[in-house]
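A.B. asks: Protein chains in written order, with the numbering used here: chain A, 1 to 245; chain B, 246 to 490; chain C, 491 to 735; chain D, 736 to 980; chain E, 981 to 1225; chain F, 1226 to 1470.
There could be a bad hint or two in this list.
Computed cross-link-like contacts, DSSO-like style, restricted to lysine-lysine with a CA-CA straight-line distance of at most 30 Å [stated by the list, open to error]:
| no. | chain 1 | residue 1 | chain 2 | residue 2 |
| --- | --- | --- | --- | --- |
| 1 | B | Lys372 | B | Lys311 |
| 2 | E | Lys1107 | C | Lys617 |
| 3 | A | Lys10 | B | Lys489 |
Far from chain B, some chain C residues (derived; all Cβ distances over 10 Å) [to be verified]:
| no. | residue |
| --- | --- |
| 4 | Lys500 |
| 5 | Lys570 |
| 6 | Arg632 |
These are computed hints drawn from the structure, not numbers from a lab. Think of the CB as a built atom: it goes at the ideal place given N, C-alpha and C, for glycine as much as any other residue.
6 protein chains.
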Amino acid sequence: MKPGPISHNKPAPLLVFGAHPDDIEFGCGGVIARETASGRPAHLVICSRGESGTHGTPKQRTAEAKKAAALLGATIEFVKLDGDSHLEIRAVHAIKLAGIIRRLRPDAILAPSLVENQHPDHWRLGKLVRDAARLARFGGLRELRRARPHAIGQLFFYAVTPEAEPADITPVVIDISRPEILTAWTAAMEAHASQTSARAYVQLQLTRARLRGLRAGVEHAIALFPNDPLVFDSLHQIARGSRKF
Amino acid sequence: MKPGPISHNKPAPLLVFGAHPDDIEFGCGGVIARETASGRPAHLVICSRGESGTHGTPKQRTAEAKKAAALLGATIEFVKLDGDSHLEIRAVHAIKLAGIIRRLRPDAILAPSLVENQHPDHWRLGKLVRDAARLARFGGLRELRRARPHAIGQLFFYAVTPEAEPADITPVVIDISRPEILTAWTAAMEAHASQTSARAYVQLQLTRARLRGLRAGVEHAIALFPNDPLVFDSLHQIARGSRKF
Amino acid sequence: MKPGPISHNKPAPLLVFGAHPDDIEFGCGGVIARETASGRPAHLVICSRGESGTHGTPKQRTAEAKKAAALLGATIEFVKLDGDSHLEIRAVHAIKLAGIIRRLRPDAILAPSLVENQHPDHWRLGKLVRDAARLARFGGLRELRRARPHAIGQLFFYAVTPEAEPADITPVVIDISRPEILTAWTAAMEAHASQTSARAYVQLQLTRARLRGLRAGVEHAIALFPNDPLVFDSLHQIARGSRKF
Amino acid sequence: MKPGPISHNKPAPLLVFGAHPDDIEFGCGGVIARETASGRPAHLVICSRGESGTHGTPKQRTAEAKKAAALLGATIEFVKLDGDSHLEIRAVHAIKLAGIIRRLRPDAILAPSLVENQHPDHWRLGKLVRDAARLARFGGLRELRRARPHAIGQLFFYAVTPEAEPADITPVVIDISRPEILTAWTAAMEAHASQTSARAYVQLQLTRARLRGLRAGVEHAIALFPNDPLVFDSLHQIARGSRKF
Amino acid sequence: MKPGPISHNKPAPLLVFGAHPDDIEFGCGGVIARETASGRPAHLVICSRGESGTHGTPKQRTAEAKKAAALLGATIEFVKLDGDSHLEIRAVHAIKLAGIIRRLRPDAILAPSLVENQHPDHWRLGKLVRDAARLARFGGLRELRRARPHAIGQLFFYAVTPEAEPADITPVVIDISRPEILTAWTAAMEAHASQTSARAYVQLQLTRARLRGLRAGVEHAIALFPNDPLVFDSLHQIARGSRKF
Amino acid sequence: MKPGPISHNKPAPLLVFGAHPDDIEFGCGGVIARETASGRPAHLVICSRGESGTHGTPKQRTAEAKKAAALLGATIEFVKLDGDSHLEIRAVHAIKLAGIIRRLRPDAILAPSLVENQHPDHWRLGKLVRDAARLARFGGLRELRRARPHAIGQLFFYAVTPEAEPADITPVVIDISRPEILTAWTAAMEAHASQTSARAYVQLQLTRARLRGLRAGVEHAIALFPNDPLVFDSLHQIARGSRKF
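Could you build the full structure based on these sequences and the hints that come with them?
C.D. replies: Structure, rendered in structure tokens:
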């Protein structure tokens, strides 16, 4: 495993997993733009080249993802699991992802939601990341013996479409209303030109973020779904609710 | 409506509603001790004198509640609704509570959980407070015309017993591990001497807080249940998850 | 009870209940425009004059509702229950609403959703209508002895805000994409000028309908939530699913 | 992949998947009889020969399934996945089923429900079909490059036993009361003579359909569970509710 | 409060509450027949005379209920709350029912389920009984000061129709297959002649009990829904599961 | 398959599956101590040697498990599936476990809960055992042809941590308050010395059992979660509820 691209003098990075080259941008690109804008490193791990999609070649899609990552201020790498539309839940995959977690040593991780009624790669990757975050802590795992165990702070799920939003987790809502954030996010989505020409993905996501923002009393917002309850030192940190109407 | 007991040069107070003189202490006393320890005013509103309970006279119980509030560093007032074990969901009650909200102008409110399989006064008060928090915003409400409308930041529910913890809201976990917080909370619970002599209430709550703390990797903790999703500016604020095992 | 305003030579009317003068337009106005456009009578029953709201006098709001109903091609009446923000769940209210149902003899009824975390009048009215639809069938109810019992075909719930959408009922999605429908709906919402000047209600609803439409592969759509499972003679009638992404 | 057995001058066929030779008949045979009676082609795909069951040889069970399909007016084919009681969720299976979907080009698909507490092959096949229905749309899938992508209208789940009925999807109820439908369904169930001699399967299903019918106010009915919300042009199409008591 | 009709030398009685004269028989009559057949006293409390129903006069219905109770081997009393179809959730009702509980001092109580989408009196009575069972324990309740507090062992809910079965409580299944039990239950249901002539109530219930029995591997069975988890000394007592298919 | 270690002149054994050497002791050791104390044989099947954990060698952990089993009065065997942290859901595993069930012929089985947000081996083993319990009944399964089919009475799930307790199954609560039971359980947990030195597992479990006991009105208790509804002959057997506060 080669050394990670991120220096450890910075704050702990945000680590984001996506099943296809465009999932991260469409599902939570605004959050990444928000985090990198405040100086936090973000690293994207893409688990296929989108080779089974209707539009775009693997080469095109790789280039689009790299461009989008740059627009979001994030670094990017590609990892090969079973390939687009072929992902299965295998221990070997979870262990490979756990190795990436140990290398990057993030505080927070974002992964696709576990709701199953969506692209079959999405929720499978979500489950693999959830398992990987746990395996990253286990000192005796022989495949990862050379990488120091690492416990993350929190795993959040993002939803690529409204259908993927889990009904059984209370979301946290991230305010992404600052114009430069919205601009960067929109540009990153549009970087996936092979996809956006065929379907109204950008409009779907901006409409969704606007609706979430209206509900929360801000311009635009994105909901994330924490895998475990959040711990706070005081109510002072959590005094803002999402209920404008 | 007489002027509230809290000066408005301070940070917005925490406002806490309880159906009986001891509910707040047993359900979330540790959180209140935590907040007042950091300089935030807290005000308790008790909606009966506990006059239908098996133990303690109304006079005793009022005195116990006052003593407990002082131990938590909180102010206290009593409001008469239908009386202990007689509470009904009436618009007039919600409006009365909305008047208290307008007077105190809190940022956050704590109220008993809406889970119905517990003391019938608990969830009814929770529903009344939830409705009151909304009515407090409506400018045309004739009964409250002299009190300026007020929108709170967030409503949290507390659970007096484990049975009252809602299964459909992801909790936030408040770390109350500092020894002086635990000491103040324990003293406040024990101030309800008429109750604690009959049942192992204090042990129940400390065991519960210890279990919640063990799960979160701290000494003691209390779970609260937000009525609406929480809004944040950044993931930085929510990087700590409750999953130690 | 005076004779209803609707002749019975026409198809059975759609009967719609709203707690405040603008709830119906914001929550399901597009569906009403769609039904009246195809020749089905629709009748709106408004259960307050919005007298507790921050903006608009009862007189203004009554006029706005009448104008909006006309724009939707619907008839309208006002019924007095407990008044805005004062609604309670009382048998006498359910019986009064059951009398209206017996008079109008609708096939389908629309009522506000039962989700409780919204304006307290909304879900209470929803519960009263649900009970009323049942009471309308009972031949022995002494208050309604002079009105012939009536069994409706189906009760649907509408959600005034996204927060009011029930998570435990699979919705049906009504396509309201035809431009004249959208125009009529928008005009009906804007007829509530006292409200729309203060908050972005129209934008909220159009954004919501656009998002629901994008998900279903149409321009705009509104979700309704059936109170009971729907019965069909054949799969032929239900071959269109809402899943475009 | 050989050419499908169904001419495309007819209406789009109903495509039904079953894990074992008798699952379709027991779970939704009445619906198939109803559809074919009105001239719609139906095609059954059976994914094992029932070779792990206690009763009946694979040869017997194949013959029984063919006889039952004929009684329902449906065509039938057998596809080999992992074999009875050995089914695993593999991408290769989902792709194989997606190929069948592309070949048959159905409007609606029926598959076993996803509830896991039943025969392990049932829910696994349901998940594979759900994934297959999505994969059938993806133009870049290399294994299926020669078959034109196809998007179905709706996927419904059927429940082989009451235990398999999902609690989180509002069902649609199909009226199968016409005597000739019930007769055809019963005959198709009884065609599985190796199974019905050992357990009261036919009685279970007729009792279930009678109970569902009584609830809906008809003689017999079968519930199906849509994978996605249904889209309609008007309330007119959905005016019949299932609530007789 | 007059002395109860049940001597206290016997085992603790089963106490059953019904909203209308026939609810208990239709919802759980077989369970009562089963309990009285083994020598346990059962007492029915009916909270209206069915005076709002379409069929039968209050006098007829009272007589039918008395006859049915006798056929079940149970005693019966009528208590007046708000009247048929007029029941409201009032503290005074819960306290009155708590008084009955203190008088009868039952071990187990049966009450209608809390699912709201049914006759409005049913779930309201269920909630009142649930609250009453709690109030019966409170020593300070002034209205009941002369009746010694009483804590029941368990509260179970019964469902008058399949729609009333709660989806969020795992049921316990009571085997009522013995022919004399089924005979007594059927006779008790048929004693409500004013109702059974108009709707297929008896057939609905027998079909339901047969389906539940088939699922559990017995002739007939009725599901009850415990309000709180059950406590056991050993797994030995709970070794029989309901899963025959 | 070698002959089982348990003579069949005794009552049917309790069969307990664990993914790692310590899971059974931490999750439900008190229940096993309770059952063996009353003369019922219990047999533990451990599906890894804990070789991926941070602490303890496989050899140490095997020894610890054997010691713990002896302290609980249970027999033990180890079965090799995919190894610690590598478990996958494969048909071959379920069939292997079904073979163990046929050999031991238990009445009740305990397995780890299906809640997925825990160690990935836990819920996967739970699913495999659930499937295995069903496969054990199928006469035609070729791999198990030499072992007579067996139908168990009930499958219960245990939760290794509070996070693993399923929210959608009503638990049964087993009273383990007798001092000798608690002593045996504590000793069995402490036998896993390699684990208990690193984390407060014993304290977690005793705190949890104390809290569950306080809620049920006993000293200590453990909740189990039945896979299917329980069948009873009479209410007499289920008269004790868990609700002390």
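A.B. asks: In ascending order, which of the hints set out earlier in this document are inconsistent with the structure?
C.D. replies: none
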